[in-house]
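Trainee: Sequence:
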Amino acid sequence: MINKKFAVVLAGCGVYDGAEIHEAVATLLAIEKAGASYQCFAPDINQFHVVNHLNGEVMNETRNVLAEAARIARGNIKALKTFVPVDFDAIIFPGGFGVAKNLCTFAIDGADFLVNPIVENTVKSAHKAGLPIGALCISPVLISALIPNAKLTIGTDQDTIAAIESLGGQHQQALGSEIVIDTKNKIVSTPCYMLDSSINTVFEGAAKVVDALIELC
15 MINKKFAVVL
25 AGCGVYDGAE
35 IHEAVATLLA
45 IEKAGASYQC
55 FAPDINQFHV
65 VNHLNGEVMN
75 ETRNVLAEAA
85 RIARGNIKAL
95 KTFVPVDFDA
105 IIFPGGFGVA
115 KNLCTFAIDG
125 ADFLVNPIVE
135 NTVKSAHKAG
145 LPIGALCISP
155 VLISALIPNA
165 KLTIGTDQDT
175 IAAIESLGGQ
185 HQQALGSEIV
195 IDTKNKIVST
205 PCYMLDSSIN
215 TVFEGAAKVV
225 DALIELC
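With the sequence shown counted from 1, adding 14 to any position gets you this note's numbering.
Any given hint might turn out to be false.
[Stated by the list, open to error] 25 angstroms max Cα-Cα, derived DMTMM-like pairs, lysine to aspartate or glutamate:
| hint | residue 1 | residue 2 |
| --- | --- | --- |
| 1 | Lys142 | Asp103 |
| 2 | Lys138 | Glu75 |
| 3 | Lys222 | Asp101 |
| 4 | Lys19 | Glu218 |
| 5 | Lys142 | Asp225 |
| 6 | Lys165 | Glu229 |
Everything labelled a hint here was simulated from the structure, so no lab data went into it. Every value quoted in this text rests on a predicted model; they were computed, and no experiment measured them.
Construct all of the structure, not just a fragment, from the sequences and the given hints.
Mentor: This is the structure we're talking about:
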(Lines of atoms letter the chains of each structure in order from A and count residues from 1; the text may use other names and numbers.)
(Lines give C-alpha, C1' and ligand atoms only; values in the text may rest on other atoms or scores of the structure.)
Protein backbone atom coordinates (compact mmCIF):
# COMPACT_ATOMS: atom_id res chain seq x y z
CA MET A 1 0.00 0.00 0.00
CA ILE A 2 1.29 3.43 -0.95
CA ASN A 3 1.98 5.61 2.08
CA LYS A 4 -0.76 8.22 2.46
CA LYS A 5 0.28 11.66 3.69
CA PHE A 6 -1.99 13.76 5.87
CA ALA A 7 -1.97 17.49 6.46
CA VAL A 8 -3.02 18.11 10.08
CA VAL A 9 -4.24 21.64 10.81
CA LEU A 10 -3.83 22.80 14.41
CA ALA A 11 -5.38 25.89 15.99
CA GLY A 12 -2.92 26.51 18.79
CA CYS A 13 -2.31 24.47 21.95
CA GLY A 14 -4.95 23.93 24.61
CA VAL A 15 -8.67 23.22 24.58
CA TYR A 16 -9.90 26.67 25.67
CA ASP A 17 -7.91 28.83 23.27
CA GLY A 18 -6.24 26.49 20.77
CA ALA A 19 -6.21 22.91 19.51
CA GLU A 20 -7.63 20.25 21.83
CA ILE A 21 -4.45 18.40 22.77
CA HIS A 22 -5.97 14.95 23.26
CA GLU A 23 -7.73 15.15 19.90
CA ALA A 24 -4.61 16.41 18.16
CA VAL A 25 -2.35 13.71 19.62
CA ALA A 26 -4.99 11.01 19.00
CA THR A 27 -5.12 12.12 15.37
CA LEU A 28 -1.36 11.98 14.92
CA LEU A 29 -1.15 8.57 16.61
CA ALA A 30 -4.04 7.21 14.53
CA ILE A 31 -2.37 8.36 11.32
CA GLU A 32 0.90 6.66 12.22
CA LYS A 33 -0.82 3.45 13.42
CA ALA A 34 -2.64 3.32 10.06
CA GLY A 35 0.72 3.25 8.29
CA ALA A 36 0.42 6.80 6.99
CA SER A 37 2.47 9.95 7.65
CA TYR A 38 1.63 13.53 8.49
CA GLN A 39 2.77 17.13 8.38
CA CYS A 40 1.35 19.60 10.88
CA PHE A 41 0.28 23.11 9.90
CA ALA A 42 -1.11 26.15 11.68
CA PRO A 43 -1.84 29.74 10.65
CA ASP A 44 0.87 32.24 11.60
CA ILE A 45 -1.51 34.60 13.41
CA ASN A 46 -2.18 35.79 16.95
CA GLN A 47 -4.69 33.88 19.04
CA PHE A 48 -8.06 35.52 19.76
CA HIS A 49 -7.05 35.48 23.42
CA VAL A 50 -5.09 33.42 25.92
CA VAL A 51 -6.89 31.39 28.60
CA ASN A 52 -5.39 30.16 31.86
CA HIS A 53 -6.28 26.46 31.65
CA LEU A 54 -6.07 26.10 35.44
CA ASN A 55 -8.83 28.56 36.31
CA GLY A 56 -10.43 29.50 32.99
CA GLU A 57 -9.53 33.17 33.25
CA VAL A 58 -8.46 35.23 30.22
CA MET A 59 -4.86 36.35 30.57
CA ASN A 60 -3.42 39.72 29.59
CA GLU A 61 -0.94 38.45 27.03
CA THR A 62 -0.64 37.59 23.34
CA ARG A 63 0.38 34.27 21.83
CA ASN A 64 0.93 33.11 18.27
CA VAL A 65 -1.13 30.19 16.94
CA LEU A 66 1.75 28.69 14.96
CA ALA A 67 4.21 28.97 17.85
CA GLU A 68 1.74 27.42 20.29
CA ALA A 69 0.79 24.60 17.90
CA ALA A 70 4.50 23.82 17.54
CA ARG A 71 4.35 22.52 21.13
CA ILE A 72 2.08 19.68 20.01
CA ALA A 73 4.04 19.08 16.79
CA ARG A 74 7.36 19.03 18.68
CA GLY A 75 8.52 21.85 16.40
CA ASN A 76 7.85 19.98 13.16
CA ILE A 77 5.20 22.33 11.81
CA LYS A 78 4.72 24.71 8.90
CA ALA A 79 2.78 27.92 8.35
CA LEU A 80 -0.61 27.09 6.87
CA LYS A 81 -0.07 29.50 3.99
CA THR A 82 2.55 27.06 2.63
CA PHE A 83 0.03 24.18 2.33
CA VAL A 84 -0.16 22.80 -1.22
CA PRO A 85 -2.91 20.22 -1.87
CA VAL A 86 -0.92 18.24 -4.45
CA ASP A 87 1.59 17.29 -1.74
CA PHE A 88 -1.02 15.45 0.34
CA ASP A 89 -3.62 12.70 0.15
CA ALA A 90 -5.94 14.00 2.90
CA ILE A 91 -6.34 16.85 5.39
CA ILE A 92 -7.72 16.72 8.92
CA PHE A 93 -8.78 19.28 11.52
CA PRO A 94 -8.71 18.31 15.23
CA GLY A 95 -11.04 20.38 17.41
CA GLY A 96 -10.68 22.70 20.37
CA PHE A 97 -11.99 26.21 20.96
CA GLY A 98 -9.10 27.51 18.85
CA VAL A 99 -10.99 26.31 15.77
CA ALA A 100 -13.92 28.53 16.76
CA LYS A 101 -11.76 31.44 17.95
CA ASN A 102 -8.60 31.44 15.83
CA LEU A 103 -9.48 29.67 12.58
CA CYS A 104 -12.88 31.36 12.50
CA THR A 105 -15.06 33.52 14.77
CA PHE A 106 -17.87 31.06 15.52
CA ALA A 107 -17.31 31.25 19.29
CA ILE A 108 -17.83 35.02 19.15
CA ASP A 109 -20.25 35.60 16.27
CA GLY A 110 -22.28 32.38 16.11
CA ALA A 111 -23.68 31.45 12.71
CA ASP A 112 -22.60 34.84 11.30
CA PHE A 113 -18.94 33.96 11.84
CA LEU A 114 -16.05 34.80 9.56
CA VAL A 115 -13.33 32.38 8.49
CA ASN A 116 -9.65 33.32 8.43
CA PRO A 117 -8.76 33.83 4.73
CA ILE A 118 -5.80 31.44 4.88
CA VAL A 119 -7.97 28.75 6.46
CA GLU A 120 -10.70 29.35 3.88
CA ASN A 121 -8.23 29.00 1.02
CA THR A 122 -6.84 25.82 2.57
CA VAL A 123 -10.21 24.10 2.87
CA LYS A 124 -11.49 25.20 -0.52
CA SER A 125 -8.29 24.32 -2.36
CA ALA A 126 -8.14 20.91 -0.68
CA HIS A 127 -11.77 20.23 -1.57
CA LYS A 128 -11.28 21.38 -5.15
CA ALA A 129 -8.27 19.06 -5.46
CA GLY A 130 -10.38 16.13 -4.28
CA LEU A 131 -8.63 15.60 -0.94
CA PRO A 132 -10.74 13.85 1.71
CA ILE A 133 -11.30 16.15 4.70
CA GLY A 134 -11.50 15.03 8.33
CA ALA A 135 -13.18 17.17 11.00
CA LEU A 136 -13.21 16.42 14.73
CA CYS A 137 -15.25 18.00 17.53
CA ILE A 138 -16.24 21.60 16.62
CA SER A 139 -14.32 21.61 13.32
CA PRO A 140 -17.35 20.49 11.24
CA VAL A 141 -18.88 23.94 11.84
CA LEU A 142 -15.93 25.48 10.01
CA ILE A 143 -16.26 22.99 7.15
CA SER A 144 -20.01 23.58 6.83
CA ALA A 145 -19.39 27.26 6.08
CA LEU A 146 -16.97 26.49 3.25
CA ILE A 147 -18.33 23.39 1.50
CA PRO A 148 -21.99 23.64 0.40
CA ASN A 149 -24.41 20.92 1.54
CA ALA A 150 -21.78 19.09 3.57
CA LYS A 151 -23.07 16.16 5.63
CA LEU A 152 -21.36 15.98 9.02
CA THR A 153 -21.75 15.70 12.78
CA ILE A 154 -20.84 17.58 15.94
CA GLY A 155 -22.79 15.18 18.15
CA THR A 156 -26.06 16.31 19.73
CA ASP A 157 -25.67 19.99 20.73
CA GLN A 158 -28.82 21.63 19.37
CA ASP A 159 -27.49 25.20 19.15
CA THR A 160 -24.46 24.13 17.14
CA ILE A 161 -26.60 21.88 14.97
CA ALA A 162 -28.89 24.83 14.23
CA ALA A 163 -25.88 26.93 13.21
CA ILE A 164 -24.62 24.22 10.84
CA GLU A 165 -28.04 23.83 9.26
CA SER A 166 -28.43 27.61 8.86
CA LEU A 167 -25.21 27.51 6.82
CA GLY A 168 -26.66 24.86 4.54
CA GLY A 169 -25.00 21.89 6.17
CA GLN A 170 -26.71 18.55 6.68
CA HIS A 171 -26.27 17.47 10.27
CA GLN A 172 -26.47 13.86 11.39
CA GLN A 173 -26.46 13.15 15.12
CA ALA A 174 -23.75 10.79 16.35
CA LEU A 175 -22.57 9.48 19.69
CA GLY A 176 -19.22 8.54 21.16
CA SER A 177 -16.75 7.37 18.57
CA GLU A 178 -19.29 7.19 15.75
CA ILE A 179 -18.39 8.84 12.46
CA VAL A 180 -20.42 10.40 9.68
CA ILE A 181 -19.16 10.01 6.11
CA ASP A 182 -20.14 12.38 3.33
CA THR A 183 -19.02 10.32 0.34
CA LYS A 184 -19.97 12.99 -2.20
CA ASN A 185 -17.85 15.71 -0.61
CA LYS A 186 -15.30 13.30 0.92
CA ILE A 187 -15.81 14.59 4.46
CA VAL A 188 -15.54 12.43 7.58
CA SER A 189 -16.46 13.79 11.02
CA THR A 190 -16.82 12.62 14.63
CA PRO A 191 -18.00 14.39 17.84
CA CYS A 192 -15.04 13.76 20.19
CA TYR A 193 -15.25 16.21 23.12
CA MET A 194 -18.42 17.85 21.84
CA LEU A 195 -19.84 15.01 23.94
CA ASP A 196 -18.84 13.87 27.41
CA SER A 197 -16.25 11.51 25.96
CA SER A 198 -13.29 9.68 27.47
CA ILE A 199 -9.84 9.98 25.94
CA ASN A 200 -10.20 6.36 24.76
CA THR A 201 -13.41 7.26 22.93
CA VAL A 202 -11.69 10.26 21.38
CA PHE A 203 -8.91 8.03 20.05
CA GLU A 204 -11.41 5.51 18.69
CA GLY A 205 -13.23 8.29 16.85
CA ALA A 206 -10.02 9.77 15.48
CA ALA A 207 -8.85 6.34 14.30
CA LYS A 208 -12.14 5.70 12.52
CA VAL A 209 -11.91 9.10 10.80
CA VAL A 210 -8.34 8.40 9.66
CA ASP A 211 -9.25 4.94 8.35
CA ALA A 212 -12.26 6.32 6.49
CA LEU A 213 -10.19 9.10 4.95
CA ILE A 214 -7.65 6.57 3.68
CA GLU A 215 -10.49 4.61 2.09
CA LEU A 216 -11.69 7.80 0.39
CA CYS A 217 -8.25 8.64 -0.99
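Trainee: Indicate, hint by hint, whether the structure satisfies it.
Mentor: Right, here's what the structure says about each hint:
Proximity of Lys142 to Asp103 is assessed by CA-CA distance (about 13 angstroms); at most 25 angstroms being required, the pair is judged to hold. For the suggested pair Lys138 and Glu75, the alpha carbons sit about 32 angstroms apart, so the restraint of at most 25 angstroms is broken. Of the supplied pair hints, the one linking Lys222 and Asp101 holds, its CA atoms being roughly 23 angstroms apart against a limit of 25 angstroms. Taken as a hint, the Lys19 and Glu218 pair is honoured in the structure, with Cα atoms around 20 angstroms apart against an allowance of 25 angstroms.
Our distance criterion of 25 angstroms between C-alpha atoms is met by Lys142 and Asp225, whose separation comes to about 21 angstroms. Annotation: proposed proximity of Lys165 to Glu229 holds, straight-line Cα distance about 17 angstroms (limit 25 angstroms).
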